[in-house]
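Please build the complex by placing chain L on the supplied structure of chain F, with the hints as guidance.
Below are the chains, spelled out letter by letter.
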Amino acid sequence: MGTLLKVEDVFGGYTKEAVLKRVSFEISQGEFLGIIGPNGSGKSTLLRLMTRVLLPQKGKILFENKDITKIKLKELCRKIAFVPQDTLINFSFSVEEIVLMGRIPHLKRLQLETQKDFLIAQKSLSSTDILHLNDKKIDQLSAGERQRVIIAKALAQEPILLLLDEPTSHLDIGHQIQILDLLKKLNQEENLTVIIVLHDLNLASEYCDRLILLNEGKVFKDGTPLDVLTYQNIEAVYRTIVVVNKNPFSSKPYVVLVSKERCPQNYS
Amino acid sequence: MNQGRKILLLSIILLASVFLGISKGSINIPFLELFSKEYQPILYLRIARVLLGILVGAGLGVCGVVLQAILRNPLAEPYLLGTSSGAGLGAVCAIILGISGTSLPFVAFIGALLSIILVYVLAREGNKIPVQSLILSGVMVGIAFSGIIVFLVSISSNPAMHGMMWWLLGSLQIYELKILFMVAGIVILGIILIFIFAQDLNAISIGEEEAIHLGIEIEKIKKTLFLITSLITGALVSVSGVIGFVGLIVPHMVRLIVGPNHRILIPATCLSAASFLVLSDTLSRSLFPPLEIPIGVITALIGVPIFIILLKRKQKVK
Numbered sequence: 072m073g074t075l076l077k078v079e080d081v082f083g084g085y086t087k088e089a090v091l092k093r094v095s096f097e098i099s100q101g102e103f104l105g106i107i108g109p110n111g112s113g114k115s116t117l118l119r120l121m122t123r124v125l126l127p128q129k130g131k132i133l134f135e136n137k138d139i140t141k142i143k144l145k146e147l148c149r150k151i152a153f154v155p156q157d158t159l160i161n162f163s164f165s166v167e168e169i170v171l172m173g174r175i176p177h178l179k180r181l182q183l184e185t186q187k188d189f190l191i192a193q194k195s196l197s198s199t200d201i202l203h204l205n206d207k208k209i210d211q212l213s214a215g216e217r218q219r220v221i222i223a224k225a226l227a228q229e230p231i232l233l234l235l236d237e238p239t240s241h242l243d244i245g246h247q248i249q250i251l252d253l254l255k256k257l258n259q260e261e262n263l264t265v266i267i268v269l270h271d272l273n274l275a276s277e278y279c280d281r282l283i284l285l286n287e288g289k290v291f292k293d294g295t296p297l298d299v300l301t302y303q304n305i306e307a308v309y310r311t312i313v314v315v316n317k318n319p320f321s322s323k324p325y326v327v328l329v330s331k332e333r334c335p336q337n338y339s
Numbered sequence: 002m003n004q005g006r007k008i009l010l011l012s013i014i015l016l017a018s019v020f021l022g023i024s025k026g027s028i029n030i031p032f033l034e035l036f037s038k039e040y041q042p043i044l045y046l047r048i049a050r051v052l053l054g055i056l057v058g059a060g061l062g063v064c065g066v067v068l069q070a071i072l073r074n075p076l077a078e079p080y081l082l083g084t085s086s087g088a089g090l091g092a093v094c095a096i097i098l099g100i101s102g103t104s105l106p107f108v109a110f111i112g113a114l115l116s117i118i119l120v121y122v123l124a125r126e127g128n129k130i131p132v133q134s135l136i137l138s139g140v141m142v143g144i145a146f147s148g149i150i151v152f153l154v155s156i157s158s159n160p161a162m163h164g165m166m167w168w169l170l171g172s173l174q175i176y177e178l179k180i181l182f183m184v185a186g187i188v189i190l191g192i193i194l195i196f197i198f199a200q201d202l203n204a205i206s207i208g209e210e211e212a213i214h215l216g217i218e219i220e221k222i223k224k225t226l227f228l229i230t231s232l233i234t235g236a237l238v239s240v241s242g243v244i245g246f247v248g249l250i251v252p253h254m255v256r257l258i259v260g261p262n263h264r265i266l267i268p269a270t271c272l273s274a275a276s277f278l279v280l281s282d283t284l285s286r287s288l289f290p291p292l293e294i295p296i297g298v299i300t301a302l303i304g305v306p307i308f309i310i311l312l313k314r315k316q317k318v319k
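Top line first, the protein sequences correspond to chains F and L. Going left to right, the first sequence walks through residues 72 to 339 as our numbering numbers them. Going left to right, the second sequence walks through residues 2 to 319 as our numbering numbers them.
Next up, chain F with everything else stripped away, as it sits in the complex (with noise of 0.2 angstroms):
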């Protein structure tokens, strides 16, 4: 399996002033990456610069061993898609129209959605479980499930990487572990390589293969959640004090939160 994205250096941000400072990694096909960090540490613009939505300020980022800027973004489309934390739609599209958004970048201007994409639509829909809301309304839907059809869109884009920012942040624990199994079986059996933004370190630890903590625009630790997730790394990083426990059925680290009012007076 051979290197799919590779991060070189970067420095990014909206302003002068780098989000990111000199963040490096790379990522092979078929992993299943996790981003954490705490809030401001750049997660976010890390995906933005991954998406070509902004471009670095300095460094590279090569993507099949392309820069990405030099690509033409249609084409970069194609094998890239995103999902955002939560998407306001505004005007009532339906469920298929959405979906077969996902095949612009497939498509030329003007051209009509074929079959193909008709049925590559419907797949998408039924990998997310969704098939049944195809002729509902986007504005009629309930978070879970609107999310789910956006995550249905990008896959209409059939990429080979796809890249979620924060995707079950606004979701219940039952709804959050529906969309993160869904990740899960799509990263295993089609082999699409996820990079995913989360804020919830027990789920990144459950779910992710590899986790980069980002700290201060810059990577703290890149590894196994077993590596990162050490109650020194996070109470470095995040500021509060927790203990890390197993997980007893799957033997990941399990972070339990600390209270100040519980905690002995030498640790803070």
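Derived from the structure by calculation, the hints contain no laboratory data.
Pulled from the structure, derived: some chain F residues nowhere near chain L, Cβ distances all over 10 angstroms:
#1 111
#2 194
#3 203
#4 215
#5 240
#6 245
#7 330
Result set (PhoX-like, lysine-lysine): computed pairs, CA atoms no more than 25 angstroms apart in a straight line:
#8 224/L <-> 143/F
#9 129/L <-> 87/F
#10 187/F <-> 207/F
#11 145/F <-> 224/L
#12 221/L <-> 87/F
#13 224/L <-> 141/F
#14 221/L <-> 179/F
#15 221/L <-> 141/F
#16 223/L <-> 143/F
#17 179/F <-> 223/L
#18 223/L <-> 145/F
#19 207/F <-> 7/L
#20 208/F <-> 7/L
#21 137/F <-> 221/L
No residue lacks a Cβ here, since even glycine has one placed at the ideal position from N, Cα and C.
This is chain L only, laid out in the frame that chain F set:
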């Protein structure tokens, strides 16, 4: 009802409006007698007016659709954004300077483009353009430009200019057939070009970043569409003056009927806005004959209540 039938129904409504527009007017003539030799000039005049009404309606309606999508603002349209007044000022300046004839639409286009850039810059706060401040800047620029038009017309030594106040409220009176043909060419071409971007407009109306993730070069497309809408608005204003609210009322009504998909929204808006303008013009000619009420007064009387409803609904969502 499926989308094809809805389009058919809207086409029938347009045909009926055209029939009404030709048969009614400041003088009552039985419909069949209109075709006699005696009334031929009147018939031609009415047909030309109806055609201009179709053109102005379709053009302004589609401009409204596009501006609402790319600015992600339900209140955007050429009049409320000050684009129409900018075009009007351009045209009036051109006439005073002695530029007229077929170059008039292009001078109006420059006026439209400059005013849309001005409004955009005024309304921008950092990287965002808040809904209310865009409309506020648009209305302010519109009022300022209308004021300048009134000023220029009143001080003009050219007595012909004194009849030019119709720029401010619009009229479908036809004064030069050559310009009409050219404007028709510009508007039809513009609408076709806009239709090519229908699927891009769908993606942009979900969100700008979403559109980028679908491979759409959003900045380029936005600029192109601003240019096309300014060109259409400029061309239309140079023949019909400033007619407000068409681009606001019609797209909203049509969205309720056919939904937000631009592939169908654009043609459906063309048909409905054309009917709307032909009917408004018929009213303007036949309500108080032989006087003509400016068509902009009629569209404003219908448009303002709808504007208020939309604004209230927007506030509730917030």
